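Undergrad: Counting from 1, position 143 in the sequence shown corresponds to residue 241 in the numbering used here; the numbering is continuous, with no gaps.
All the given hints hold, so there is nothing to weed out.
Below are the BS3-like pairs computed for lysine-lysine, each with C-alpha atoms no more than 25 Å apart in a straight line:
no.: 1; residue 1: K212; residue 2: K253
no.: 2; residue 1: K170; residue 2: K212
no.: 3; residue 1: K170; residue 2: K194
no.: 4; residue 1: K212; residue 2: K171
no.: 5; residue 1: K212; residue 2: K200
no.: 6; residue 1: K198; residue 2: K170
no.: 7; residue 1: K171; residue 2: K194
no.: 8; residue 1: K212; residue 2: K194
no.: 9; residue 1: K253; residue 2: K298
no.: 10; residue 1: K212; residue 2: K198
no.: 11; residue 1: K298; residue 2: K138
no.: 12; residue 1: K212; residue 2: K247
no.: 13; residue 1: K253; residue 2: K170
no.: 14; residue 1: K253; residue 2: K171
Note that these hints are calculated values from the structure, not bench results.
It should be emphasised that the depicted structure is a prediction, and the values quoted were computed from it without experimental measurement.
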Amino acid sequence: MAHILITAGPTRAYIDDVRFLTNASSGRMAAALATAAIAKGHTVSIVSGPVSVRYPTEARVTSVVTTGDMLKKSLTLLPRVDGVIATAAPCDFEPKQREKGKLPRQRGLVLDLKPTRDIIATLARQARPSQWMVAFALEPDGDPARALKKITAKKCDLIVLNDLTALDTTTTAVTVYDHAHQRVGQQAGTKTAVARWLLKLIGAHSGKGELSS
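Just need the whole structure built from these sequences, with the hints factored in.
TA: Structure, rendered in structure tokens:
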């Protein structure tokens, strides 16, 4: 049986102590994957940003807030797991400076942003050869071009492409590509059903056939 790390939900990038940037990621796909994996007897650790969804009680859940927090905890867990499924939608940018307190209301506000560290790319660089990495990529127009660039840059085994219709809903449609840019599967349905299908696909293409057993 495998030990799987799943990153989940959104993160927050604080403008001041009250306001923050975030996104609509719900954590539902992560919860569905965790449920499917646990049903097969696998161990699941989840590092999750702020969500309202409930994760399986059998999962080992760590709650985080910022992208930096998520990366730090994931790096701590990395040596203990067989693979990573990065469903999270962490903030790609954060303000260069977090203001103390609450900024007064103004006519306008210009934010100076800096990129955050890429979580799955960092994990993949530090992973053992035997560990597998699965990234998720949301592309609004469904065009795989950027996703294929990401799988090469991030050095992942598989990338799961979805679109805006998957946000904060119970259904999704995904297309999966491998590191050779070959489409290896396509599925649509409830996130519960897609999660079960995806777990089997990961097992078949990661050399870890026990994921689908």
